[in-house]
Amino acid sequence: MELFNKYKGKLAIATVIVIYILVVFKILKMNTTTFIIMCVTYFALVITQLILAIIKGRKKKKVIDPTRKFDSTIKSLIWIIPAVIILILFTYTPLFVVFKNAFNDNISRPADGFSFTWRHFFGGNRPDGSFYQGTFKDSEFWPAVNNSIWYTFVSVPIGLIFAIFISAAITAITPKRVRGFFQTLFFLPYVTSAIAVSMAFAYIFGTGEMWQASILNNLLGTFGLGPIDWLGDSTWSMISVVIFGVWKSLPFSIVILTASMLSIDPDQYKASAIDGAGRFKTLRKITIPLLYPTLIYLLTISFMSAMKVFPLALFGNNPTNAALSGANTIVLYIYAATTAGFKARAGVSSIVLLMIVLVMTKFNRYLRKKVRY
Amino acid sequence: MAKTVKVTEMVKSNTRADLVLKIFKYTTLLIGAVIIMFPFYWMINISFLTNQEIISAGQKGLPMLPTNWQWNNYSDAWNQGASVSGGFFAAFKASVIVSFGSTFIKLFFAMFAAYSFARFDFKFKEPLFTLLLVTMMLPGQALLAGQFQVLVNVFDWQNTMQGLIMPWVASVFTIFMLRNAYEGIPKSVYKAAEVDGCGKIKFFWKIATPMIMPTVITSALLSIIGSWNAYLWPSLAASLPELRTLPVWLLNVVYDPSVLGSQNMQMAGATMTLIPMILLFLIFKRKIMAGVSRSGTKG
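Protein sequences, first through last, are from chains A and B.
Numbering that gives the first Met the number 0 applies: residue 0 is where the first sequence begins, and numbers increase by one.
Numbering that gives the first Met the number 0 applies: residue 0 is where the second sequence begins, and numbers increase by one.
Please note that a few of the clues may not be correct.
[Said to hold, decoys possible] Here are the simulated SDA-like cross-link-like pairs (lysine to any residue), alpha carbons at most 25 Å apart as the crow flies:
#, chain 1, residue 1, chain 2, residue 2
1, A, 74, B, 194
2, A, 307, A, 161
3, B, 124, A, 89
4, B, 199, A, 72
5, A, 269, B, 16
6, A, 74, B, 123
7, A, 307, B, 293
8, B, 186, B, 106
9, A, 280, B, 22
10, A, 361, A, 141
11, B, 286, A, 172
Hint data in this document are derived by calculation from the structure and do not stem from the laboratory.
Just so you know, these numbers come straight off a predicted model, no measurement behind them.
Just need the whole structure built from these sequences, with the hints factored in.
Right under this line is the structure:
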């Protein structure tokens, strides 16, 4: 009995894992090879986490409190398990399925069997001799990736600069009512459906045969600038996507920047005024350094959400149309591959998206640690 | 003496530089406001034009204001797809069920998990929590293909309501937000309740959860907005006309850029789909904006 009490917690976790494995076995109709690969994936995940935790622990020299009393593991886990099961089903398993699709050669025989291959990445001959064009050799893939990255690096800085100006102006308003009014107004794009608004944007840019007389081109025409085929011309189509993306992402940045600007202690401004600092110097030496953490956080979030740009409605609900106008993005590529049933292609492009986002996040983490005041 | 210094300072600061700054401030706001509002204005403008005005716009462009307000564009849009599924109202109903249903289930599970993470101190708590937090870094779109396959092969839930709802339920972000809120409850409250003989579950349900109700409502609102406006997952998971949510209905039924004369009807449909969320936003303005800014500053 004492032995049981000692290993109760471990037993509980082992039971949960066994139940999960059985469920997955049952529902995914897996064979042994797939199963082993899956176990290795999970173990790798857990082990990396453990190693990271150990490294961190060594650095911090965590002092373990000897009087620390643990609650019952089983009783605590019971509260968590329902949420974890849903997460496993709809987050961890899909992640695994994506990886499996990208590396599995047995696509034609569904759910059964697994044999490792790089063919879906680089192309090559199938076992039956037919040629498979790898995703990396697909003529639409690299333009899509390039467009997404280009979009991220163009739209995020532009959006942030706009957001800084607007939120500085909002913060400077003293009547609370007026400030609240502007805050509400600038927040509207956040709650509105991207699909509905991008339909309106499509008509602002001009679609189909009507593009020459669109409102934007008419407006440019009054300044003597020629009509531009915003959505059809491949030099301009990504710029249209950037315009829409900046419009849509402004409210998030503005709300966060306004909140952190308003939370700056007014005493610091007073102190700098007493010391004789001018307006510009105050902005440079006090406001911006105090905003650094927020700005870097915003940069992380904006980078991540900009990579997911998905301009479907701008191009008439047709991914092919977007690709023809030179505005294919990686999420559009995944969407098109998934709807067409190209599992391997969707898997490979999902992995590429995953890698790009992870690298960006890591880089931003590094930045955040560097710039800490 | 101090007062006079202050007055002279104020007089000094009210110089030309201040006026320039004020002008600059309001011009920035004005330009920004025009840019933000323009798509809405244009959407509403087109939605009231006549078919004739749109067809004849080939050379001149559309008029800036409707001369003859066409309210029947809205009734036309309302009935789009009505013969198959029931038009706008059916899509609205599906959207309400999906967004509110998923939010309720999500919050229910997330509250339990968050409370356990915040209140109990058990073995493997930290590694388990990091394992959950890692998923917040994954972009949902990269999992899309996998989720779709799980939905079809594992559950056989394609074209069902639960297939639309369940993937939204898995949300670490909500657990994270609620855990922070539960951790904010002072320990003395817990001890006082313990002295009074209050059990764990009773404490959770009767004391802790009411105390963090503002956070619960905020995360519910953010989740409703997110799932209401989503297009990718609903369009993949359900192709049946009865299960179209509003964005899917709008883009797959109403929108057809090749039909020139029906722009007004399409924009009327788009305007109608925007109204519910804008109303929700105007009602819960403070909560939503505070929730968004808090999720940012704590992150």
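Going through the hints against the structure:
no.	hint	in the structure
1	A:74 x B:194	21 Å, holds
2	A:307 x A:161	21 Å, holds
3	B:124 x A:89	22 Å, holds
4	B:199 x A:72	15 Å, holds
5	A:269 x B:16	19 Å, holds
6	A:74 x B:123	13 Å, holds
7	A:307 x B:293	23 Å, holds
8	B:186 x B:106	24 Å, holds
9	A:280 x B:22	20 Å, holds
10	A:361 x A:141	23 Å, holds
11	B:286 x A:172	21 Å, holds
The structure meets every hint from the earlier list without exception.
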